[in-house]
Amino acid sequence: MYTINANGGGTLHPFIRRFLFIMRIATFLLLVLFVQVSAHTFGQKVTLVTKNTPLTEVFRQIHAQTAYDFVFTTSTLSDAKPVTLNLQHVELADVLEQVFASQPLEYSVNDKSVVVTKRERAEGLTGRTGLPSEEGETYLVLAYPEVRGRVVDSLGQPLEGASVRVLNAEGKRTTLQTKTDNEGYFELKNVPEGYQLELSYIGHVATTIMVAADVGIVVLKAVPSELEEVEVMVNTGYQTLPKERATGSFEVISNSALNTLNAPNVLQRLEGLSSLNFDKHPNRPEITLRGFSTINGPKSPLIIVDNFPYDGDINNLDPSNIESITLLKDGAASSIWGTRAGNGVIVVTTKSGKRNSPSRFSLESNVQVQLKPDLFRLDLISNEDLISVERFLFQAGRYTNDESSPARPYLSPVVVKLIQNRDKVITDQELEASLSALGALDNRRQYLDKLYRNETTQRYALSHSFGGANFTSYNNLAYTRGISDLSAINNRLSFQNSTNISLSPKIDLDMRLMYTKIDGRSGNEGYKNNTNIRPYTSLIDEMGQNIPIALYNPIWLQSIEGSGLLDWHKYPLEEHKYSFVSNGSDFLTTNVRIGYKMLDALRFDFMYNTGLEANRLDRKNLAGSYFTRDLLNRYTVLDEGNVQHNIPYGDIIDLNANRMNYSNYRVQATVDINGPTHGFAGIAGFEIRTLNTQGTLHRQYGVDPEVLTVGKVDYNRQFPDFISGRMQFIPFVDDNTMKTNVNISQFFNGSYVYKGKYTLSGSARRDASNVFGVNTNDRWTPLWSLGAMWNLLEEPWINLPFENLKLKMTYGQSGLVNNSRSAKTVLNYRTSAVTNFVTAVPTQYPNPELRWEKSNMFNLGLDFSIGNGTVSGDIAYYHKIGKDLLGPSPVDLSTGVGTSLIRNVASMKGTGVDLNLNIHFLKRSIDWRSHVLFSYNRNSVTDYNVVSTSSFQMLSQGGSINPIVGKSLYGFLSYDFRGLDENGNPLSTLANLPSVDYGAIRTAHYENLIYSGSATPIFFGSVGNSVAYKSFTMSINVQYKLGHYFLGNAMVYNSLVNMDIQNGSGLYKKRWKEKGDELHTDVPSFLYPINSNREQIYTASTAGVERADHIRLQFVRLAYDVVLRRDVESGIPLKIFLTAENLGIIWRKTDSGLDPDYGATLPPNRRFTAGFSIIF
Amino acid sequence: MKNIFHWTLRLILLTNLFACNSMLEEIPDRKLATPNSVKALRAMMDEDFAINGSSNGLGESSTDDYYLTTQDYEAIGLNQRNLYTWQSDIGSEDAYMVMYRKINIANIVLESLTDIRNATPQELTTLKGEALFVRANTLLALAAVYTKPYLEEQATQEFGLILRKSSDFNVPSYRSTLKETYDYIESDLLEASRLLPMESAHVHRANRLAAFSLMSRLHLIKSDYEAAERYADSVLANRNSLLDYNTLDSTLRYPMPPFNHEIIYHTQGANGFTFSARAKIDTLLFDSYAPNDRRRTLFFFTNTDGSKRFKGSYVGGEQRFSGLALDEIYLTKAECLARGGKVSQAMDTLNQLLSKRYRLGFTAEVADDATEALDIILNERRKQLLMRDIRWQDIKRLNREERYRKVLVRRIGDQLWELKPGENRFALPLPESVVEITGVPQNPT
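First to last, the protein sequences are chains Y and Z.
So the first sequence is numbered by our numbering: it starts at 36 and just counts up by one.
So the second sequence is numbered by our numbering: it starts at 1342 and just counts up by one.
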């Protein structure tokens, strides 16, 4: 017996409550839609009152009421009898039965056509000899009663399941179509004369031929490039619809395009093949779609995987699992995804099997090699110069404090020699000899030889797909093994299953399961020229022995040698053995969808998605690591020969475990009604998502790796620091986190089509989330969009040589909710290391005045196709307005809430054009296609609540938001640089006059600054060309970014003095040294002590701003397609390819020699991929 | 079929939508909380960085206890150089902000107390007392830096501090008069001293003695010696556990034990910009420590160039101690006694302190008259309370008296800067952004 609510008390179990809640919403939607639906489905009825009416007139009446076409030849109807009937509101099928009851004719209903034939089988090409109807009826056309043919591939293999579509005289698709059988044969009946046949097959080039009784054998060539011509379906994550019905602006990246590049990360494969802009600047968003919509909020697009926002790591997805990616670009497209979609949406769809398809295995494998970075491309100060700078600084007393400092800071080998020389420990000759020996060494060679290697990635994927009449199945097993240039290891094993079962004609079940296992280990420490290892410090001696490197004052280290401490030196070549991070994660996600097709036009889906990600990140500092030896030494007390370790000897291990689990429920009703004049497609639904993350961090001291025992430390006592003597606690890092996100959304999206010409669409959505401290009524955010589309070719008065021409317009509002919209003070807890008390500090202050950000986008697009698909594509213009954008606003320091508060401070606008063009130049034995992507994006701040007017507060160097109204969000606002004066000082301007009054320039009104331009490209895109000859295809992709600026190298003397040797310090050689140098150099003289104002005026001046316009050879790919085993019916397609990436810059505007995408950092080296894929 | 469907619909429609809102009430991050419990308020008051740390070091940086070498002067930033030479443009935004942050936290606690349930009256009064104390203590430290010396007759005309009496940042700031500032501090302290318990679990938490000590300091600044002495007495009547410097090891890098029993209330701050490594102790001042004075070795560390550096912070580390300790109370009491003409009592009080500072067998200080006693006591006050955030206020206070006036001098190479008694520059400039945003008058230079 089941007992309902056994625990009494009147409260329902949370699950039951939630279930009832979902059901309630579902039924509400049902009710709303049910009313509309009933009006349409029973509308397919015919009223027919005739009295001795000619059959053709009867057809005309039925056609007018149902839009069913009648296909026949005049001779067919030669024996037809007039019809007398009185039918009121009768089903079409019944009507037809009665109409044909007394006729010597047969009929068959094929889609929306009624094909009429004589009852006895017609022979020969009767239609050819027929005469045009005397009545001149437009739908009485000459027709071939039968059309036969066979479709094969270029090797003569039959193509099973190829589409054969009948095109009318204008080249538009009619409803007549069929598919080839397993021998490649097809047969069509009653095809009007003058019509064409369009033959297409996935992976092959579609061909159009004139209709004939026997069209013979048609050879379809395999698609030479990876750009397949399949019907483009747009998946918004809520619904999949043909692109031709969507009013919004979408971009679909097909499976083959996704396989052009073989990066292990899905999103990386979109570079150069989509209108996403990839930005390499560390302080700007990595991937943007149509520029920015927000100034201070998150700027990255929302990622949807299989209908749900993806909260896992995108690296969990193996690219071989991805079927396609759709970018939702405009307001209408993104407003369906609500408050997280203001920056556009990337919808990822994973693969699934196809109905009625044979069992197929697909195996792919590739190896990728990226050459190790060329450290010698870093423009660093030479070691001779560096040593001379250190000598100079030593004389100037730069190291006097360090020498006697009780903190025992690092002294470089040069400084040590100089001290020894000063203290007469070594002679002048010995000093010079040792310094010149150091100057001759550059440890970059050692780094490259000993610590770097070529980065390699191996990928393998095996998949199987199969489909019967009522089910499909797809399985994929993929393995990736990567070893980075610093020997970090990253392995990924993933398995995916996707099953679809039709339980009944009305109910289908879709199940997906994905499991990913990732494990890795960190590698070597890379070359950094800002650590205490000077570029002239040798890591290894001639005998191959590691040289100990001191990170404290070496003289002091020497003085405490033999006192019982652990070795206090670092060995960079060995460090990775003792100090590393090992990580692992298990990711399991399942999707279940149950669809109930209540009526032809109405279906309900219940979707459930749950995922679990367990991450483990263990930071291991073994007893031999520098970290552990250093910490142990610092907590050691030497007491008259007794060595007391307050931290036990052994490994120090930080165990960091995180668990994330999420679940999504969605109930959705889908309506799809296709009437002759009215069509409606819509979805409405309700969604609840919860995301929970929990984390634990725990440190173990003194671990013995052999027996796994853990040492005990006293966290409650303070111990003296060995160096400073300061009493301090043993570092305690343990912590817990627990976060929960709840989002609830209601959504509606619908489109209405009138006569296939005009489409109107609209969407509405409201979202709520559990933002902390916000009143419930303030949680809901409403979003909406409207759109319209005009199919120009459906207009009788438009006669243009296009196959496709559609004008689209949308306007939508999306938004961004800021989580700091708290109505209460929010505290963050921690435990004090000093008192061990639980402490809390305010992290957010109540600001009831905050409003959520709004982003409105207007989009005008045109889809076109001309010349039988020779040129096709779409172009869209958009205009964005961002209002109430949140940003830090300076605040009165006396309020004690910090220097700035998040307020609605700004507005911005953005304008742009996206062009996506496919050109098929040559279709002969050489097949040449181009894919051109062009984007124009200009954004500017239209309002910014600026409080400060001082120049130095307003500088922006591309990495921060420029607050100047009318200028780009990311831009260069710098001091004017007018070369050097005769004393080697940088000249700037004050009130348009040359000046060296740096203090005044620094605090002058910001109008004194120079705005150079945008830091993000104004024009960007790519041109991909692929040329195929026989089985070879060569693809070349060129990427361009134009109209922007980047920050080049600058001589930063302050860094040099602090020995934080930066890229660009090679300019030191070109510095001003004596009068006259100002004529041929822009590098100021070296002054010590550093005048910080002079330094800032120079480093933040236009001197470092360079034009970033450039054209880059993104990749070159060579592929060879063959079919093995021709004797086998299906053949075994094999593809072999070779890709080269990062091939360099073809043209750049700057003459600095730098890569504008990477500025002063090192660009990645060349990358090569070789691989194959085979289907069997 | 259709009937069943409709029937089900109606049934489900009857159930209420109540799950939704409760789901949205879920706390997004367990680390987040609002100040709605005793635990939260207690935790806010226990914030060691925000409440007990980061005290403003601008006053200490302005004193005559240390000097910079030309080399070090040239190596520091422009703002720091300006601060050293009492110029404007000292870029003190952070130093100012961290102090007002304490006041803001105290205000949040004070405002939240009324909403707390499930708390004992004892917990609530203690928290209220602590918050009032923190606000008063912070304001008094700020007054030392940003206002001119307190003179009763001019206090209604001089600029005081911006007093933030509520945590609402939308309330505009204005400058109070100097008198309003001191009156406000005094009223906070009076209430705090009634609310606070005699003992607290840690010197990071204020107790009644801390309130008395601060009251004593406040009255000393206001030249109300009688009151200052009374409060000092109240402290000493309850506690007189001086640290015996003879028990300390001067070879240690930081010989002073942290949280030692001489400390009444602990606050600390960085040593004022980069001065810690560069600030060399005034040679005359160092020489004034007698050879048998334990402080000569406990307080100082000899640099390689022979100059002296301070190491005697009660923090027991690199940071400057800016809290309240018994030594100050002894010195205040002695000063007040001397000013009241009670010479022998004054010297007794001083000698009680000094006996714990000198090597065993030291000869007690004697004075013939009140003036001599005061001379000795003020000299000892400077020596004992070195780098304790007290000297700057003392200079300002003592400049009111002919006998103790002093012209401060900075010398770098041939350049010379002077700060004479009564100059405007004793009130350091408010951060420019505060003046820019609020429109309050800047301190004149």
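Watch out, some of these pointers could steer you wrong.
As the list claims (entries may be wrong) - Below, a list of computed lysine to aspartate or glutamate pairs in the DMTMM-like style, where the Cα atoms sit at most 20 Å apart:
#1 K1747(Z) x D1456(Z)
#2 K1372(Z) x D769(Y)
#3 K774(Y) x D1524(Z)
#4 K859(Y) x E1366(Z)
#5 K1002(Y) x E1366(Z)
#6 K774(Y) x E1366(Z)
#7 K774(Y) x E1367(Z)
#8 K612(Y) x D1628(Z)
#9 K859(Y) x D1634(Z)
#10 K1621(Z) x D437(Y)
#11 K859(Y) x D1405(Z)
#12 K1105(Y) x D1016(Y)
#13 K214(Y) x E195(Y)
#14 K859(Y) x D1370(Z)
#15 K1380(Z) x D770(Y)
What the hints assert, rightly or not - Listing some non-contacts, in silico: residues in chain Z with all C-beta distances to chain Y over 10 Å:
#16 A1384
#17 R1505
#18 E1540
#19 A1705
No lab work stands behind these hints, which were simulated from the structure alone.
Built from N, CA and C at the ideal position, the CB exists for glycine as well.
Would you mind confirming whether the straight-line C-alpha gap from K1002(Y) to E1366(Z) stays at or under 20 Å?
With Cα atoms ~41 Å apart, K1002(Y) and E1366(Z) exceed 20 Å; violated.
Taking only the CA atoms, is the gap from K1372(Z) to D769(Y) under or equal to 20 Å?
Holds. K1372(Z) to D769(Y) sits at ~14 Å (cutoff 20 Å).
Does K859(Y) pair with E1366(Z) here, judged by a C-alpha cut-off of 20 Å?
Holds, at roughly 14 Å.
Between K859(Y) and D1370(Z), does the CA-CA distance stay at or below 20 Å?
Cα-Cα ~15 Å, so holds.
Hint consistency between K774(Y) and E1367(Z) [alpha-carbon to alpha-carbon, up to 20 Å]
holds (10 Å)
For K1747(Z) and D1456(Z), compute the direct alpha-carbon distance and say whether it is at most 20 Å.
Status violated; Cα separation ~52 Å.
Pair hint K859(Y) and D1405(Z), alpha-carbon separation not exceeding 20 Å
violated (46 Å)
Hinted pair K1380(Z) and D770(Y), Cα distance within 20 Å
holds (19 Å)
Does E195(Y) sit within 20 Å of K214(Y), going by the straight-line distance between their CA atoms?
holds (8 Å)
Are K774(Y) and E1366(Z) close enough, with their CA atoms no more than 20 Å apart?
Holds. K774(Y) to E1366(Z) sits at ~13 Å (cutoff 20 Å).
Are all C-beta atoms of chain Y more than 10 Å from that of A1705(Z)?
holds (33 Å)
Take the C-alpha atoms of K1105(Y) and D1016(Y), compute the straight-line distance between them, and say whether it is at most 20 Å.
holds (15 Å)
Of the numbered hints given earlier, the model fails hints 1, 3, 5, 8, 9, 11, 16, 17; all others are met.
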